[in-house]
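Trainee: Chains R, W and C supply the protein sequences, listed in that same order.
Sequential numbering of the first sequence, starting at 1, is according to my numbering.
Sequential numbering of the second sequence, starting at 1001, is according to my numbering.
Sequential numbering of the third sequence, starting at 2001, is according to my numbering.
FYI, nobody ran anything at the bench for these hints, they're computed from the structure.
A few of these clues could be false.
What the hints assert, rightly or not - To spell it out: a stretch of chain C is covered by chain W in this simulated footprint if at least three of its residues, at any positions, have a beta carbon under 8 Å from a beta carbon of chain W; those stretches are:
hint, stretch
1, 2055-2066
2, 2084-2095
3, 2107-2121
4, 2181-2189
Said to hold, decoys possible - One-sided excerpt, in silico: chain R residues whose CB lies under 10 Å from chain W:
hint, residue
5, 5
6, 11
7, 15
8, 28
9, 33
10, 40
11, 54
12, 60
13, 64
14, 86
15, 92
16, 101
17, 105
18, 107
19, 109
20, 118
Stated by the list, open to error - Dumping the calculated DSSO-like pairs for lysine-lysine here, alpha-carbon to alpha-carbon at most 30 Å:
hint, chain 1, residue 1, chain 2, residue 2
21, C, 2122, C, 2059
22, C, 2120, C, 2059
23, W, 1158, W, 1288
24, W, 1357, C, 2120
25, W, 1158, C, 2059
26, W, 1288, W, 1076
Just so it is clear, CB atoms sit at the ideal spot from N, CA and C, and this is done for glycine as well.
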Amino acid sequence: MSERVLVWFGVLGPPAAWVTQFLLGYGVTQAQCNPSGARWGVPIHTWTIAATAAGAAVAVLGWLAAGAAFRATRDASSAPPRGRVHFLSVVALTTSPLFLLVIVWSGVGALVLQECHQA
Amino acid sequence: MATVASPEAARRVQRLERVWRERPGLLGWLTTCDHKRIGILYLFTSLAFFAAGGVEALLVRTQLIRPDNGLLGPEKFDQMMTTHGVTMIFLFVIPISIGAFGNYLVPLMIGSRDMAFPRMNALSYWLFLASGIFIYTGLFLGHGPNAGWFDYVPLGSKQYDPGPNVDFYALGLIFNGVSSTAAAINFIVTIFKLRAPGMSLNRMPLFCYAFLAVSFALIFALPPLNVALGFLELDRRLGFHFFDVAHGGDALMWQHLFWIFGHPEVYIIILPAFGIATSIIPTFTRRKMVAFPLVALAEILVAFIGFGVWVHHMFATGLSSITLVYFAAASLIIVVPSGIQLFAWITTLNTGRPEFKTPLLFICGFIIFFLLGGLSGVMFAAIPFDQQLTDTYFVVAHFHFVIFGAAVFPILGGLYYWFPKVTGRMYHERTGQLSFWLAFTGTALTFFPMHIVGLLGMPRRVYTYPGGMGWSDYNLLESIGAYVLASGLFLIVANLLVSAFRGVRVGPDPWGGATLEWATSSPPPDYNFPVIPKVTSAYAMWDREDREEDARKLTRGDLVLERGHETPASTVLDADWDEILEMPSDSPWPITLAAAAAGVFAFLLLGHWLVAGVFGGLCLAVLAAWHRQEPQLA
Amino acid sequence: MTDTTRTAAASRRSLPNGVWGIALFIATEATLFGSLIASYFYLRFKHAGWPLGGIEPPKPALPLAITGALVLAIVPMFLASAAARRGSVGATARFVITALVVQAGYLVVQIVLFADDLSKFKPTTNAYGSVYFTLLGVDHFHVLIGILLSLWLLSRLATGLTNYRVVATRVISWYWYFASTVAVAVTLTQLSSSL
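Could you put together the complete structure from these sequences and hints?
Mentor: See below:
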């Protein structure tokens, strides 16, 4: 696959995965822990596991894609476009583990804590 | 360009000077669309508000110098404290960072002749000035904002705050927000489209990365604030019930909406400071920034993750733990990009050959304060810790370390650093160093004891406190510190003011800087560069061959663009040459539109809805007139 | 339209500055609507019964129909933008007018519905009223601004095409893509208690 596609997936995929898991997780807790939403009986844990697993998978794939783009452009000078792709691959290699971490931390926290227990 | 080689080159420069000449006199300043002039306007206006906010701070600290003091009663204290916060954030730190530093430097750093939308740039300034006057009118009438800078409901509701104080706050901030939104759009399009050909993303100065991050953050952070303020005004003036629990509203909704804006806002405050620091460090250490791509990504990442942490301001509001955990996780992870930058700066200092002139001293002060402020901040990410220390002076300590110590110190260092570029003269170095030590000592003395007094239980936002709590001595120290700090700031102003008239004259590049603003004369000519510079790396000024090539390009007429009021546009990612843009020159419409907008807000405040509507119609008419001048392509 | 203008439009590889500008403006306004819609649902989930106070939920048929019409008006605006870039001022104006007729009709019907709602309950009745009328009011205001922009564009096109006006047509058509799409989101929110 083209190194440009790989690098953009590496740069944008993991943050998109975090945003999705975040909004889904936050939304689900707000729905379930509110008088109106509670009657729907949204299964918080199920949704949390699904969102965390999917998000973590995308973060890992993004990291792998970034690594592939990095290796493919190792010989590039600073001249665009390959220089710019190499630069972005370094960015993505650094950010994907961070997003993986925040996705996992959020998921583990939401699973370990008691549902709708007031802090 | 220091010297002009050939007669051909001289002719081209003469033409550029004629085409780009600014209109003289007061009218020139009122109608200017030149980014440098607008930057200067922003600078002086925001410094005036800094002085006002400083006076408010000194009044607050003098009231708190001893227990049961009677200088300011509770009503006056609330106004001083609130207006201090509103002024410092909305009328000083953001306008000086974005409006002054950003406006003046970004086009120069990217090798362009102006911002993408010069008239809208002027509009941003006049809207800012008008919004500041609007808010201070309230203060001078004795009705200044008084419910804290985040104005929680129900305190800010009509029932508990019936006067116009909160209306000045709400309408003033919406007004101010229009200015910032326009500026943000301008910066993004400028940084994306107006970079000199060859300046691809990986060759763009780190300063520009910081401003890109700030601008995107403003685009997405301001709307929730505007919704919150709009809801508040509708509740207060027209009897709506957004925040009124008795009629189905929710007071906590204010906090959500405010902090969805408010947290990104604090990153908006500090990101330009990161940009200034990453510009000053390479210059004074004579080496490239360590881990350039990581510093660039860290600046963007801080802004991005900053949108996912807002509930950490609400850990004590009774939300469920499984909701809070998402925000605690994000609040912990956001430390990492800040840490990346700290490591990069410190490593660059350690592995370079640092020259501790005044600008670098301020950056060293910034690093220390940012470290301490960041540490106290990450402590708040732990929910149990936050629940003990929220609303105490520990919070006040934390945010003053990061806002004053970490956001303002680079601004002060930046004033010294770019002073020779803007004025063509050098400041007095010894006085500069003294001013740093006064400011540093004053900052430490004012804000460090606040950690202790917060741990000892002193709540924030109290207009006085009883003796015998163990708080009195610390408060005395803090107030003394405030006066020391004020003296340091005063010395900075005096140094720069005197040096502007009596300083030693300098050439284009007194520091050996790495970015393109040092390639042109000090001060820069109206057209910035006689030739759009050739760029092949992220440290364009240190590429001697490229700078020599620029002089030859001037003779050849290559990218001089002297036929009209022109600058080039390039593609977004790789800065390939795309087209020539014709730029508008001075225009009366930006200031006129700002005046019409001021009319809208003034009459909204007074409750004359129809008249406000008429002024709204006037705004549209002015916009139509504005667009009658159509800058075309060459 | 001069040849330089047409050549410029054809050879440009990236979006013109004006289009980037409207894209960012759309981003900020979309966030505004996102915040308004989120506030609606936030308030909704606080209460077991919604709408509050026994207010009747809105009837979906007419709002859905006219919003659908507004979305269809995207097509003539798209064609107007393309016609402008081709250099055909007459076709551009005709497409803008076609869209404008639908858009103005949409606004008139919405104002009638709004007034009808106001006769039944007020924004000062309760939080449902407040958020309902505010959300709709802000949306209709954005449609009104779009109509004023189209009218202004027509007045400029009356004296021919310039590069500035070609970009302006594209910018205003982007505004309409946004305003029509956001109207769908607002309408669905408005009707969420009836659907």
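Trainee: Would you mind marking each hint as holding or not holding in the structure?
Mentor: Structure-based check of all given hints:
1. Judged by the Cβ-Cβ criterion of 8 Å, the stretch 2055-2066 of chain C is not covered by chain W as claimed, because only 0 of its residues qualify and three are needed.
2. Remark: the stretch 2084-2095 of chain C is not confirmed as covered by chain W, as 0 of its residues place a Cβ nearer than 8 Å to a Cβ of that chain, below the required three.
3. Counting residues of the stretch 2107-2121 of chain C whose beta-carbon sits less than 8 Å from any beta-carbon of chain W gives 0, not enough to reach three: the coverage restraint is violated.
4. For the stretch 2181-2189 of chain C, the proposed coverage by chain W is not satisfied: 0 residues have a C-beta within less than 8 Å of a C-beta in that chain, short of the threshold of three.
5. The interface hint given for residue 5/R is violated, since its Cβ lies 14 Å from the closest Cβ of chain W, which is over the 10 Å cut-off.
6. Interface restraint check for residue 11/R: the shortest CB-CB distance to chain W comes to about 9 Å, inside 10 Å, so the restraint holds.
7. Proximity of residue 15/R to chain W holds as hinted, the smallest CB-CB distance being about 6 Å (cut-off 10 Å).
8. Restraint check, residue 28/R versus chain W: the minimum CB separation of about 9 Å is within 10 Å; hint holds.
9. The interface hint given for residue 33/R holds, since its Cβ lies 5 Å from the closest Cβ of chain W, which is under the 10 Å cut-off.
10. Residue-level restraint check for residue 40/R is violated (minimum Cβ-Cβ distance to chain W is 16 Å; threshold 10 Å).
11. Violation of the interface hint for residue 54/R is found here, the shortest Cβ-Cβ separation to chain W being roughly 16 Å, above the 10 Å cut-off.
12. Nearest Cβ of chain W to the Cβ of residue 60/R: about 16 Å, over the 10 Å cut. The hint is violated.
13. Proximity of residue 64/R to chain W is violated relative to the hint, the smallest CB-CB distance being about 18 Å (cut-off 10 Å).
14. A least Cβ separation of about 8 Å between residue 86/R and chain W falls short of the 10 Å threshold, and the interface hint therefore holds.
15. For residue 92/R, the shortest C-beta to C-beta distance to chain W is roughly 9 Å, which falls under 10 Å, so the interface hint holds.
16. A hinted interface residue such as residue 101/R counts as satisfied when its beta carbon comes closer than 10 Å to some beta carbon of chain W; here the least separation is about 6 Å, so the hint holds.
17. Of the supplied interface hints, the one on residue 105/R holds, with its beta-carbon coming within about 4 Å of a beta-carbon of chain W, less than 10 Å.
18. With its C-beta approaching chain W no nearer than about 9 Å, residue 107/R sits inside the 10 Å limit, and its interface hint holds.
19. At its closest, the beta carbon of residue 109/R sits 3 Å from a beta carbon of chain W; the interface hint therefore holds under the 10 Å criterion.
20. With 10 Å as the threshold, the beta carbon of residue 118/R comes within range of chain W, its nearest partner Cβ sitting at about 5 Å, so the hint holds.
21. At roughly 17 Å between alpha-carbon atoms, residue 2122/C and residue 2059/C fall within 30 Å of each other, so this suggested pair holds.
22. Annotation: proposed proximity of residue 2120/C to residue 2059/C holds, straight-line Cα distance about 13 Å (limit 30 Å).
23. Of the supplied pair hints, the one linking residue 1158/W and residue 1288/W is violated, its CA atoms being roughly 56 Å apart against a limit of 30 Å.
24. Using a Cα cut-off of 30 Å, the hinted pair residue 1357/W and residue 2120/C is violated, with the two alpha carbons roughly 71 Å apart.
25. Only pairs whose Cα atoms come within 30 Å are accepted, and residue 1158/W paired with residue 2059/C is rejected, the gap being roughly 34 Å.
26. With a C-alpha separation of about 50 Å, the suggested pair residue 1288/W and residue 1076/W falls outside the 30 Å cut-off, and the hint is violated.
Hint violations for this structure: numbers 1, 2, 3, 4, 5, 10, 11, 12, 13, 23, 24, 25, 26, all remaining hints satisfied.
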